[in-house]
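Model the full structure from these sequences, guided by the hints.
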Amino acid sequence: MTLQDAMDRAIGERTLYGVAMDWDMPYQMLSKYVRGDRVPDAKTL
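Numbering-wise, our numbering comes out as the position in the sequence shown, counting from 1, plus 16.
What the hints contain is simulated information worked out from the structure, not anything from laboratory work.
Be aware that a few hints might be false.
As the list claims (entries may be wrong) - Cβ pair distances, simulated, as ranges:
{"id": "1", "residue 1": "Tyr43", "residue 2": "Leu19", "range": "26 to 32 Å"}
{"id": "2", "residue 1": "Trp39", "residue 2": "Met17", "range": "16 to 22 Å"}
{"id": "3", "residue 1": "Glu29", "residue 2": "Asp57", "range": "25 to 31 Å"}
{"id": "4", "residue 1": "Asp53", "residue 2": "Thr31", "range": "23 to 29 Å"}
{"id": "5", "residue 1": "Gly28", "residue 2": "Pro56", "range": "15 to 21 Å"}
{"id": "6", "residue 1": "Gly28", "residue 2": "Gly52", "range": "15 to 21 Å"}
{"id": "7", "residue 1": "Arg25", "residue 2": "Arg54", "range": "23 to 29 Å"}
Positions of the beta carbon are idealized from the N, C-alpha and C atoms, including for glycine.
Rendered as structure tokens:
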């Protein structure tokens with residue numbers, strides 16, 4: 017399973033904003049992960 021597959025499965029039908037709020041993560045950061053512009057590092061996880 018790729019990172020993109022894991023993100024797709026975790027987000028499902030919810031909005032990115034809603035998921036970011038649930039995960040206590042800035043929306044901009046989650047958006048970059050989903051687009052593939054950024055990969056989570058050990059400090060983020």
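Quick rundown of the hints versus the structure:
1. Tyr43 x Leu19: 26 to 32 Å: Cβ of Tyr43 to Cβ of Leu19: about 18 Å, so the range 26 to 32 Å is violated.
2. Trp39 x Met17: 16 to 22 Å: holds, 19 Å
3. Glu29 x Asp57: 25 to 31 Å: Holds, since Glu29 and Asp57 (Cβ atoms, about 28 Å apart) stay within the stated range.
4. Asp53 x Thr31: 23 to 29 Å: violated, 19 Å
5. Gly28 x Pro56: 15 to 21 Å: holds, 19 Å
6. Gly28 x Gly52: 15 to 21 Å: holds, 18 Å
7. Arg25 x Arg54: 23 to 29 Å: violated, 19 Å
The earlier numbered hints that this structure contradicts are 1, 4, 7.
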